[in-house]
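Let chain A serve as the given structure and place chain B on it in line with the hints.
Single-letter residue listing:
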Amino acid sequence: MDEIEKALKTALQREPAPSGFADQVLRKASMRSMPVVPPVFPPLVPWWRMFPVRWAVAGVVVVACMVGGVAEHARQQRIRGEQARQKVLLALRITGTKLRQVQRQVVQRQVDKSDEEGAEPR
Amino acid sequence: MNPSWRTLEALLDKHQAMVFSIALRITGNRELAEEVAQDVFLELHRRLESVQSEEHALFWLRKVAAHRTIDAARRTARMPETVADVADLPGEGNQADPLLAQRLQQLVAELPEKMKAVIVLRYQEDLMPEEISQTLSMPVATVKSNLQRGLEILRRKTERVLR
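Chains as they are written, first to last, in our numbering: chain A, 1 to 122; chain B, 123 to 285.
Chain A extracted, bound-state conformation:
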């Protein structure tokens, strides 16, 4: 072995591990060895039987019914209004027709009277 090899053996002597090294390794190893406890979940309850869910569903149903009822009432109102309008229009048409008939009759009588007065003997 030459000088450089002897110098290397001296220079590369083992150094002690840092203070507390073994304790740290043992602590980490024991943490990894701890049994993993699975999380405990409460018993599974069907969603429709859960208390808050039932009340929420009931509330939604009530609101839906109210909204539906209001909409139906408005629709009925519109229908009745349209029917009334149609009646008025019909009445107006009937009235107009009658008036024209009466007017024609009046005019015809006037014409007839004029004819009769012009045809009398001298």
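Hints were generated in silico from the structure; no laboratory data involved.
Honestly, I wouldn't trust all of these hints.
Stated by the list, open to error - Within a straight-line C-alpha distance of at most 30 Å, the following computed BS3-like cross-link-like pairs (lysine-lysine) qualify:
1) A:28 - B:136
2) B:266 - A:9
3) A:9 - B:185
4) B:266 - A:28
Relative to the frame of chain A, chain B by itself:
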């Protein structure tokens, strides 16, 4: 029943200096060396049941320490790409041994990873080239080549001091 040697505590007590020193010489960084050394022992703890003997444990520790340290050194440090980057030892004549030792440690730390690992396993662990070959999974011829080249570099860098 487990033999007395096959406990993490017993193996730590016996081999922590070896593992830490291998990591220190190859990385050149104490904090990184400590981290790597801890990982090596924790890995051993996981595989403790498969360790067949004390000699097997020693071989396994050296092998895993060397490989993990080389990987860590590559990931973290800017290692010299060529041996030309290794600094010359200042020609100060008769240097005290501790200073020479410190300087040699520095020069070894600056060698390429594989070469450095070969030097450390040879002169720190007193392994023969055949044992180094098994530890590093490297052909014996490559081990001898790295050993020879590494010594030439260190010899050249320190010859002014050693004369």
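Results of checking the hints against the structure:
{"no.": "1", "hint": "A:28 - B:136", "result": "19 Å, holds"}
{"no.": "2", "hint": "B:266 - A:9", "result": "17 Å, holds"}
{"no.": "3", "hint": "A:9 - B:185", "result": "20 Å, holds"}
{"no.": "4", "hint": "B:266 - A:28", "result": "39 Å, violated"}
Against the hints set out earlier in the document, a violation occurs for number 4 only.
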